[in-house]
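From just these sequences and the hints, can you work out the full model?
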Amino acid sequence: MYINNYYLIFFKYLSLIIFFSGFFSCLFFEKFDYIPFYSSFFLLFILFNSYKKEKNKFDLLQPITAILISFFIGTLLRSYFYVSDEVTAVKKIMLQLGDHDNMFVGLIYIFIAFLFFNFGYHSIKKTNLKFGFFNKIENRLIVGNKLILISLFIIICSCIFFYIYILKMGIAYDDISTLKNLSKKRALKLGDGQFASLSYLNFGVNILQPLYYIILYFLLTKKKSFFSLHGCLLLITFSILLSFNIINSHRGTPIVMLLTTVFIIKYYTKKIPRFLFLFCIFFSTLLLISMTYLRNNNELIKKIDEVNKNPLTIVVGSLNFLGVTKTSYIINHAKKNNEYLLGKSLFLWTVAPIPREYWKNKPEISIGKDIAKNIYKKRDDNIAGGGVPPGFIAELYLNFGLVGICTGMFIFGLMCSYSYHLIFQKKSLFRFIVYLTIFFPSIFYLIGGDLSRIIIKFIFLLIIFSMLLVLMSKKKQILIK
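Residue numbers for the sequence shown follow our numbering, so the first one is 1 and each next one is one higher.
It is possible that some hints are incorrect.
What the hints assert, rightly or not - What follows is a list of derived Cβ distance ranges for each label pair: (1) V256 x K222: 23 to 33 angstroms; (2) K222 x K168: 33 to 43 angstroms; (3) I160 x S228: 23 to 33 angstroms.
Stated by the list, open to error - Cut-off 20 angstroms, straight-line C-alpha distance, at most; resulting in silico cross-link-like pairs (PhoX-like, lysine-lysine): (4) K168 x K224; (5) K457 x K362; (6) K474 x K223; (7) K52 x K126; (8) K270 x K426; (9) K271 x K222; (10) K55 x K426; (11) K57 x K125.
It is worth saying that the hints were derived from the structure and are not from the lab. Remember, predicted model here, so these are calculated numbers, not experimental data. Just so you know, even glycine gets a beta-carbon here, dropped at the ideal spot from N, CA and C.
Here it is in structure tokens:
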């Protein structure tokens, strides 16, 4: 998705102007509370400067954009949100940070992280290495009848997994019909403060996600109508996924799926139907507000005692994304207590396949729950959920301190650049879908989340995507004249 470099130059220097003018006006008018907010624009300038250019244009969907979105919400907007007069329930948790000057800790470490990410990202200009996966899959043709049969089989199996999940979690009909416990973070309580997320049942339902994109790929490349049988399968697949995410109060997944669908259609058809675009915006906003309302009505997290229906406040007030306040808070806590994990959280994904029902003392795959309990003091042992994902920068510090940030972000930049060039050695809708549905979201969620959980999802999506495509397709026949 290429855009003229003039836009990049404009926003790059606009960020720099806002930084200098805002910083010195804060000093002149003694508005010191706003210095972290204006300092964020300098980091924004660094990100804009990180894009790789091709002559007079650049690709907006470079990995940098995934980081920029998370940074814009979690650091730039949140630093303003933090010092503003508006008071919300989530802000009460942010205020544990203490004096606003402590935010400079997060800003400094994010600045260092961006520098080393850039070193890694720009170390690779292009790659001549081949990845057989893309060539082999692209040389196959999806068979319509196979797609229908396999899709129906997967949909039926996913519905069975969904039903078992409802039974295991003890979700009653009244909970759904009265909306009392319709949408909330769920886990099966095993005793002694341990919870099982029933990951194998989650995977059984979420296999529909790669299936959804494969059906969409088929509809576009074969120019099938969205009102055809294949289009109905697409709608059914999305509806089941939407229901499952509402039940589990996962706001982001259905919204990201809608936006990704718009980008895929735009990439292939070179235009976005106005109705589709407006519908996605309306439906995404409706989902965000309604699911947040239902979540706050039911989720028993300490210090959360009010509901704010403003979509901007909902997003910015979330403890996800690359947050300056949580980065500062977590790093300050690690410094004060001299507690380092020495790589432990970076390899928790290796024990993920073992069900917690059979290993009750299995370590938490995500360190978000430990951070919520031990650092934020906001988690109740008697309920599930309520975790605070540290963000990749803070997680690297929790493991190896400043050395972890420098080394980890350099490797991260290297891998982002390598993956991007490897995938787009050849331009195709298939490669675009793989990048936009697997690689790009992984980068976005990692920078604001935690490594092990992202690795699990990445491997799951890549394997399932590959298997489904192979099962639904046949090799192209090469005619020799």
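For each hint, the structure was consulted:
no., hint, result
1, V256 x K222: 23 to 33 angstroms, "holds (25 angstroms)"
2, K222 x K168: 33 to 43 angstroms, "holds (39 angstroms)"
3, I160 x S228: 23 to 33 angstroms, "holds (26 angstroms)"
4, K168 x K224, "violated (39 angstroms)"
5, K457 x K362, "holds (19 angstroms)"
6, K474 x K223, "holds (19 angstroms)"
7, K52 x K126, "holds (11 angstroms)"
8, K270 x K426, "holds (18 angstroms)"
9, K271 x K222, "holds (18 angstroms)"
10, K55 x K426, "holds (18 angstroms)"
11, K57 x K125, "holds (16 angstroms)"
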